[in-house]
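**Student:** Here's the letter readout for the chains.
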Amino acid sequence: MTATNEIVLAVRNLQTHFFTDAGVARAVDDVSFEIRAGQTLALVGESGCGKSMSALSILRLVPSPPGRIVAGEIEFKGRDLLKFSEEEMRQIRGDDISMIFQEPMTSLNPVFRVGAQISAAIRLHRNVSEEEARRQAIELLAKVGIPAPEERVDDYPHQMSGGMRQRAMIAMALSCDPMLLIADEPSTALDVTIQAQILALLRDLQRDTGMAILLITHDLGVVAENADEVAVMYAGQIVERAPVKELFANPQHPYTLGLFKSLPRLSKKGEKLASIPGTVPNATHFPTGCRFRMRCPYAEQVPSEQDPPLVETTSGHTVKCWLYDKDFMDSTQRPVGLPDKEDAFK
Amino acid sequence: MQRHLETSSLNTLPTENVKSAPRQGYWHLVWRQFRRNKLAVVGLCVLAVLMGVAVFAPFLAGDKPIYLKMGNTTYLFPNVISYRDLVNFDFPSWEAGAGERIVRPPIPFAPERSDLLRKLEGPTADHWLGTDDRGRDVLSRMIWGTRISMSVGFVAAGLAILIGIIIGALAGYYSGWVDMVALRLIEIMLCFPTFILILALIAFLPPSIYNIMIVLGITGWTGAARLVRGEFLKLRESDFVTAARATGLRNSRIIFRHVLPNALSPVFVTATFGVAGAILTESALSFLGFGVPPPAPSWGELLSQSQRYVDFAWWLVTFPGAAIFITVTAFNLVGDGLRDAMDPRMRQ
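Sequences listed follow chains A and B, in order. Under my numbering, the very last position in the first sequence is 346; numbers go up by exactly one each time. Under my numbering, the very last position in the second sequence is 694; numbers go up by exactly one each time.
Hints are computed from structural coordinates only; laboratory data are not their basis. Backbone N, C-alpha and C define an ideal beta-carbon position, used for all residues, glycine too. Among the clues, some could well be false.
[Unchecked claim] Below, a sample of chain A positions facing chain B; criterion: calculated Cβ distance under 8 Å: (1) 90; (2) 93; (3) 95; (4) 108; (5) 257; (6) 262; (7) 263; (8) 287; (9) 331.
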């Protein structure tokens, strides 16, 4: 088993832009994070904030044109994936890094048997015979909890339920023992009970294999149960990063706070659900300065031109917000941190 | 580094839905739907008969017997196998003596054998569909013509589909400038009046059935290309393509192994219509004298020969014309039926 503190993947200042007719959409703009072996990093944010594009950038699968990785480093096992040739990249994909997708209904090829798809993935990266690959496929299906795998291996995707297909996808993703698994909203398209099963399965598999997981989700409940570390994304940037317990106990960025406040709670039954005012800015026309500025109830006197700095408030907890910048807050003669404001996010 | 995975006992699905859904493949569904369309089924039967006629032409019409016992020697299938002793043997006039035996095809006339004493005869007991201006048996020529028409139709349409699939797949999968070039190419092809283009190309080539196949193939691919391109544009966005790329598959393999099978159903429909079109075009070319070189019998060539006698020799025009008509109609009926059967909105 791998040492748990080893950094498997380090993304530094990644920028992925889409060059569209409407202008340059900065889908991923200066994103940095690390994932350690055996750990799960959750990338949280609402639709269109750039979490999926960050994930696709790691595998260099950004739809191109119009998308392109314009800057940054993606260091995997000490080498920069962005400097890899397409051929080298192909060997990484599905072997060292694999990915599972949101829609189990559509991410398996409808015209091939499930087992054939899994064994094809195995044979692509491992020099094994057809029979051996099939045997491994059955073993993998058993491992992801598909009953009667010897029969199911010959099913077509349409003969399986959504949960089973997602299990099959996971089996395929695990076929070559990846060091990093990217799970792009693996449970979103499934109903709640299956969701829990799939996430539990991923946890078990991670415990057994020591792989790192990049979990992309918009569901804070999923984050709480599955992640070791959380990165909150907003408008193409990571606005806050912290270990999961720290983040839930002490959310610092106003956006994170807004997300937590907009969660429905049983203790507040009958009250109106809180929400963050306004909408996500258009990726082609982000506002200057802090991108959350327009929607932030705490944004008083913040600079409208300069990007907020990334401040490490406590060990391992960083936040991209002016309110935590000591020099700036001193200059406006306010205390560092979120001011008390009861009526924020109503 | 190979880390060993341990089976997790936990988290296994309940076993109640272990039984798979009944294995009803896609083609099974298509066939069930196709069968409902009676006209299409009739078309399919006609095509089956025509294929049979084409394949078994030597057993249906010809000089050479199916079985021959001459003296003490027995020859099996001299109509398809050539024997050293029988080279230049005059089968038509040979009569079986005592202890000898000859089994001739039901129409014992070779398509090229002329009998000037019996030219331009209407249908008789000997010549069921009459004879032409050189006394050749029309039915025999039509039977052998089936081979030419069918092979030209299938090979030309197959070639067209093949070119169309490759160009359309590349255009749709890569989009961008590849798509631009492919689309311009298609537009250029569409600008030409196809038949004139074919005539012009044929004029430069030595007359042969293969050249006709090739020319029909390289002029007829645009429809398939546009269709495949459209399917690929749709499919390239689908998750399973991203998933396939995330597995590390090569583009060539994704295109031809993963996306193409999903894009093939509409291609089958076009192919069916394509065969009908190619048969019709070949007949037209032969009618104009640009087709299969004589004396090889093709339906169009039969029509062409009959022009001068059209006023009285109705059998020379009617039967080959009917053959073309029936074949093309059958293909179109099957194509229609296939299109409807593959359309999920039509499924009941």
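**Student:** Against chain B, is residue 262 of chain A within 8 Å by beta-carbon distance?
**Tutor:** 29 Å, violated
**Student:** Against chain B, with CB atoms and a cut of 8 Å, does the hint on residue 257 of chain A hold up?
**Tutor:** 34 Å, violated
**Student:** At a threshold of 8 Å, is the proposed contact between residue 93 of chain A and chain B supported by beta-carbon distances?
**Tutor:** 4 Å, holds
**Student:** At a threshold of 8 Å, is the proposed contact between residue 108 of chain A and chain B supported by beta-carbon distances?
**Tutor:** Given a least distance of 6 Å, the restraint on residue 108 of chain A holds.
**Student:** Taking 8 Å as the limit, does the beta-carbon of residue 263 of chain A come near enough to a beta-carbon in chain B?
**Tutor:** Constraint on residue 263 of chain A not satisfied, violated at 27 Å.
**Student:** Would the stated hint for residue 331 of chain A survive a check requiring a Cβ distance to chain B of less than 8 Å?
**Tutor:** 48 Å, violated
**Student:** Given residue 90 of chain A as an interface hint, is its Cβ closer than 8 Å to any Cβ of chain B?
**Tutor:** Residue 90 of chain A check passes; min Cβ-Cβ to chain B is 5 Å, inside 8 Å.
**Student:** Using the nearest Cβ pair, does residue 287 of chain A come within less than 8 Å of chain B?
**Tutor:** Nearest chain B Cβ about 30 Å off; hint violated.
**Student:** Would the hint on residue 95 of chain A stand, with a C-beta cut-off of 8 Å toward chain B?
**Tutor:** This hint holds: residue 95 of chain A lies near chain B, its Cβ roughly 6 Å from the closest one there, short of 8 Å.
Hint compliance for this structure: hints 5, 6, 7, 8, 9 are broken, all remaining hints hold.
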